[in-house]
Amino acid sequence: MSYNVVDVERLSRRYDQSLALDDVTLRMKPGLVYGLVGANGAGKTTLIKHLLGLLRAKQGSVRVFGLDPVVHPVQVLQRIGYLSEERDLPEWMRIDELLRYTSAFHPGWDQAYAQEMLDLFQLDSRKKVKHLSKGMRAQAGLIAAAAHRPDLLILDEPSTGLDAVVRRDILNTLVRMVADDGRTALFSSHLLDEVEQMSDSVFMIDGGRLVLQGDIDEVKQMHARIVVRFSSHSAEFDNIKGLLSAEAEPYATAGDKTWQIVCSGEVDSVCRQLTYVGGEVLQSRSANLQEIFVARASRDRHHQSIG
Amino acid sequence: MFKSPAMAMIWELWRTSRLATVWVLCGQLAWVLAIASLKYFNHKLDGEEVSPVLCGIFMMTTTITSGFSQSWRHSFESRRAGFCFHLGYARPVPTWQLVLIPMLFMSIMTAVCYWVAAVSLQALTGIQVPLIFPALLSICIVSGLACAAWTPTCNASKLVAIASFVVLLVGSLAAFHQTRGATEPLLYAIGKPEYFHLQWYEYLPWAAAPAIATAVTISGVRKQRQGEQWRLEAFASSVFTWHKRQHSSELAQTTFRSAWSAQCWYEFQRFGHRMLVFGFVAPLLPLTLVILVSLLNPSWDREPLIWLAFVAFLPIATQMIGADGALGLRAKQGAISFSVFDATRSLRNDQLIAVKLLLISACALAAWLWMATIAGLHAWLSGQGPLWGEVLGRVQESVAAKDLPSYWWLAVGLSFAFLYVASTSMMLAGSLWASLHHRIPAILTAIFMIHYLLAVWDMSHAWRLRALWVSYAWIGSGAISILAGLCIIRARQSGMLSRGYFRAIVALWLVYVVTVATWMVDLKAQPGWLLALTASSLLIPLATSATAPLALAGHRHR
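Protein chains in written order, with my numbering: chain A, 758 to 1064; chain R, 2 to 559.
Everything labelled a hint here was simulated from the structure, so no lab data went into it. Owing to the predicted nature of the structure, the values given are computational and were not obtained by experimental measurement. No residue lacks a Cβ here, since even glycine has one placed at the ideal position from N, Cα and C. Among the clues, some could well be false.
To be verified - Per label pair, the in silico range of CB-to-CB distance:
hint, chain 1, residue 1, chain 2, residue 2, range
1, A, S818, R, I11, 47 to 53 Å
2, A, H947, R, L455, 58 to 64 Å
3, A, D780, R, A318, 51 to 57 Å
4, A, G798, R, I213, 47 to 53 Å
5, R, R258, A, G798, 40 to 46 Å
6, A, T782, R, L455, 40 to 46 Å
7, R, W261, A, D937, 31 to 37 Å
8, A, S1043, R, A7, 44 to 50 Å
9, R, S538, A, Q774, 41 to 47 Å
10, A, H947, R, L539, 56 to 62 Å
11, A, G798, R, Y90, 26 to 32 Å
Excised from the complex, chain R in its bound form (with noise of 0.2 Å):
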């Protein structure tokens, strides 16, 4: 029996929010010990000059992850605008309370997140980390994303009320790093000691900015809490209004030419919209860093180096959140599940699963042509063409160093595709699995980081623990070879994978070994150990396109 509503108020966080900070402070802590084991065994970063980058990132790193480790409440990824703990309001507990306990318990943990890794650092490391300013920035990113979350009553709003937070505080930060006349690098200056010194008044108003947020999110919850918006609100809403739509009980007569282009169609609603939208608004960060550079240092002449990064980067970033948005998952009553109405349809899986593939690759292909198309256009008005050129023609002059065939180049182009396929089904099953298993990503991440260890201590040992690399080798691509034989059995004999999709990939997958082969010149010269390592690596791909509809199957069929 709890004592007060409050004390059941602050159970149920504590009991919805546990396991997302463990987590939170399980990462920060590897994120420490990973500093201290580089510091530790490389002491060229003792030097008084690499200290204080390290806690530069560090506390850049922490403070950001802390400042989003209580984002599950603020729900400012989610569809729905307003206050998320709406279910309170039928509760006998004043609007004040229902906010403000929330609140705190947030801006609380936040600031613990941020506290055990910075005071694990100083103990591990000797690093002096400030603990106050960081904690407090945290607390102003988590109450602030909370304010502009939850009092706005729809969407439009809520993306305005982010937006314009995000603004205010890189504003806000902007004009802090101002007043601290550093001249050296942020990363460099942040990390030195006397950056934070600070008087006790400079310390008030991102003392007062949470309690602000709190106040204005008291607010509006009490405003929704009666069925009202903000009149500033309701005016937008009015404006965008244009007609009032009449009722309709008409049926479309057109319909779909088939189950699959259906299926293209819903999931291009579902997440695909979203990933074109991002491809459409990337090429403005590089856009706007070119600009920035060019206007700070006019003499720079690197631009095309950004975009070049851009453009590379951009296919990963894209398959990223495709992978994310085409999982479809939900989480009911504490488990993660696939939705009942995407698991009735009446489509095999790896129809489903294929379907997902080419929307993600089709997206991404469409941004990157689009960033392209950006940079192409940015260096043709910004009078860039010549440095273009000279970029391209390096590029050109080492690939035709090589004299390859030119139906190779279709070979790789295939191969590209593929890989691209392959890894992106292998995110998709990793993430159905991973959401299925719990324990394998924890696993997985305890023996990378002993391992990790082992191998940092092992480089500035002579690699005195080289045979055991070796056969760390041999049993890997032993391991490799069976698990993507079984992998594909499985998907084979359980009726998972159809003729037609297998003959697909095993056809992608041989023109992708024989280019690979063709690259590797010569294989004579390389240890045994490397090239079984290397050929059974070749079948990772061709596994990992066969286990998406298996990992599918088991939220499908469990």
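The following block holds chain A by itself, in its conformation from the complex (with noise of 0.2 Å):
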């Protein structure tokens, strides 16, 4: 069955001079875990916050379990569970009333599991939330988020002011979770280590634009990063097809100069076309999530820059 659990088609968004999205399309798929990474200002929380329907699409659709969240806020927010990037947490309320609160809007909420994680994350459920630590309301929002066990689980950077433990072992587990249910989970993070631990699949953006997306393995393989020597300092990568980054060696000695080369397609034929130009391939493997997002993300400001 090809049932989307979101959809979003061309959507693009502009604040005043900048444009925040630009003409993004994806499609989630129920039974995955999804990762969204970019850098700061890549618009990240943009996309989340049209899945909210906090944003109103207004170039390009976006459906939510089949249906516009603006239109259909009830249906849409019901099924989904949110942890703002910013905690946005009401300051008076106490953790208690805060999960008996949140737990009226959502018909699934699951009281024993709610127990469970606040057993978990030890929290004391009388203290308020103007009290809390900025990990402690990291986790009485992944609380309030994920104890209705929602179809839709999004996180904001929730990784912000959690410990290395929890986000190891509690995170992970819960975000695994939702997956092995059945349900989705987006979750959108600065720690590449992280996504490409947690995730089934991953999005990346990079100045508003969708530019790289696909089952983590498979955007793995797609990726090579190379080791390359040259003999003399100056090296021609200007017609090596499939190449995103070349970046030199620092404490380089005169004569040789190596290069580490990330790029994308077949690998084979980048090492062919690196020896034709005079290199010397030293080494290969497939790249991390991280290198990949460094060599394309450093591209597209190159190409941003030249343009």
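Assembly of the complex is requested from the two constituent chains, each provided in isolation within its own frame, with the hints serving as guidance.
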């Protein structure tokens, strides 16, 4: 069945002069964890706000569970769990009040699950939100977002404020559990190793454009990191197809110079082209998400600056 | 680049306050213009007896608005106690500088606000307005409020400090008034030029007050910067902390019956309880007034009028407070926005608005009933029953003369309820839109001011512009009808107004229209433009009830 939880079609958004989203098209299937990566101001939160109906799609369309979230906020928001980047929770509420209040909006609220997570985080349910630390606030927000076992769990920078143990054990487990139940999770993060570890699929946004999307393993297989040595300091990369970035190794001595290259597409073809222009390929392996992201983002910025 | 940290701080203060200051100056200049135009077009106001009253009114209002013009910095209305520039603790700046610079800045801006208005009035009307004492008084208000808000570290102490400051200020002003030995009414007395002819040493206490306030604030902030509080405050905190609460990780098993009831609870916690507190405290004002008047003038027997005035205006006051609290907007990164938490509730916009309207109306009704009960109790305890009987008898007589059927009263009650809800909805919609479109209030104010001046001029020139006003009435009635229709259609088509909500407001609107139509007895005797305007005005409550969800959608789905 080709049912899409999220269906975004040619979505663009402009804030005054800057383009926050530029012709973004993406689809999300049930049972998968999606990572949303991008630099600061790339458009991640803008995209998430469109999914929640907090921004109206002025150009393009957004459908969540087949519905427009602006026109059908009740039907859509009932099935979404959302943790905002700012941990926007009412300061005057106690944690137990927050959970009791949130439960009223979600028919599928699981009180036992909420209690379980509360015990896990060792939070004082009688404490007011304004007296919580940044991490505790994130934990309270996480319980409120996940305890109704939402069909779509959206976490905007969930790692911010959480310590390494909570990040690795609890967040990972929570997100994986969502996917294992046949539900969907989308989380944005700056921590690319975390995205690589937790998600099945990735959306990479840069300058408002969706520069890369796909299954994590496929994306990694599609990209390679090659170390190549040239006998002279100048190297000609302009005509090499598939090359995303080339970075000279620092502290190079006179004579030879070693370059680290990230490329997409056929690795063998890139290696052949490098050999053709006088390079000696020293090492080749699949690139990790961090390397892919840096390569693509720096390439786009380079193109923009030239343009 | 700034040459010193002080310059950087002054720049920051100016950068964050300039808009508010410009608004205060604009408001005060509009006020000056209004007084000047009244005086220019109405020569009766030139007399020696009226000028001091005008001057007195101007001084009182301008001194108070100038004193409160920097209230964004006092933060006495915010829920947080303590020094509001606490981010500055991490800066390499001594505490005295951290406090003194904002205090001086606020004092100077306050004085400037007063002087600009006073000099403008003097230039436009020739009225002699004192410059030194009112400005000094404004500075006392601003520094006293800042001291009361910044020095304590908890909200209870802050409340006590602000209340003490208000009592001290009122007491000092009363003592000052006594020393002036004026026998005339207050507004008349303070408007006379000789009232503020003081010796240099008489200025000293008023000049010393801001200095003392600044010194106290520096001392308090110094403790706060080190994470301490004054001994008295620490002692009070320890007294009021009865027992240490145990850590609890148990969740209550009770739940809300529906999302609607949860939202009602949430909104009540957010702003409803403040309305109730206001309603509970409000009768103290007429009660104090009545007791004071009775003490000063035992033969005065018009106390019921004071009570009636308060009973009549209380719903409007509660409505304004409620509408302000219900908005739920907040300033973030220089922009006014709706809380993401509120926006992600799975409720429709009309439901969110309906909860707000329901709470405001219910709290206003409770406050109104409480005020009426206190009024009745006071009448009973003070033996003023016959006096009340007389007042109510007159009302009953005038109503009985109309010979209206009993069900008409039900319709009147429903119409009033509908109008109350519709006007609250209009307040909400207006505030929501005004925060999205900042220029609209300024444009509307400018248009109003131009027409106000025109009307004042026209009044004293035998209504020469009658044709213009009549054409405005026709154009206005057409515009109201079209805009009201468009608003309702848009709200329905965009899905912001559900069928149930729409049906309810249409039913109430019909009752209102029929009630008004019954009351308007002689339509034939009225001019056409007035009929058109009245007929189109009937649409306003219907349209305003429908526009609040649309206005909310403007924030929720930007």
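- [ ] Kindly confirm whether 56 to 62 Å is satisfied by the beta carbon distance between A/H947 and R/L539.
- [x] With Cβ atoms ~57 Å apart, the hint holds.
Open item on the list: Quick check on a hinted range of 51 to 57 Å for A/D780 and R/A318, using CB atoms only.
Closed with: Holds, since A/D780 and R/A318 (Cβ atoms, about 52 Å apart) stay within the stated range.
- [ ] With respect to the beta-carbon atoms only, verify the hint that R/W261 and A/D937 lie 31 to 37 Å apart.
- [x] holds, 34 Å
TODO: Note whether the CB distance of R/S538 and A/Q774 lies within 41 to 47 Å or breaks it.
DONE: holds, 42 Å
Task: Outcome for the supplied range 40 to 46 Å, where the beta carbon pair is R/R258 and A/G798 - done: Given a distance of about 43 Å, which is inside 40 to 46 Å, the answer is holds.
Open item on the list: 58 to 64 Å was suggested as the range; check whether the CB atoms of A/H947 and R/L455 agree with it.
Closed with: With Cβ atoms ~60 Å apart, the hint holds.
TODO: Kindly confirm whether 47 to 53 Å is satisfied by the beta carbon distance between A/G798 and R/I213.
DONE: holds, 48 Å
Task: Pairwise beta carbon distance, A/G798 to R/Y90, judged against the given window 26 to 32 Å - done: holds, 29 Å
- [ ] Mind checking the hinted window 47 to 53 Å against the Cβ distance between A/S818 and R/I11?
- [x] Taking Cβ atoms as reference, A/S818 and R/I11 lie about 50 Å apart, which means the hint holds.
- [ ] Take a look at whether the Cβ-Cβ distance between A/S1043 and R/A7 falls inside 44 to 50 Å.
- [x] violated, 57 Å
Open item on the list: Against the range 40 to 46 Å, how does the distance between the Cβ atoms of A/T782 and R/L455 compare: consistent or not?
Closed with: The hinted range 40 to 46 Å is violated for A/T782 and R/L455, with Cβ atoms some 56 Å apart.
Hint check: violations occur at hints 6, 8; the rest are consistent with the structure.
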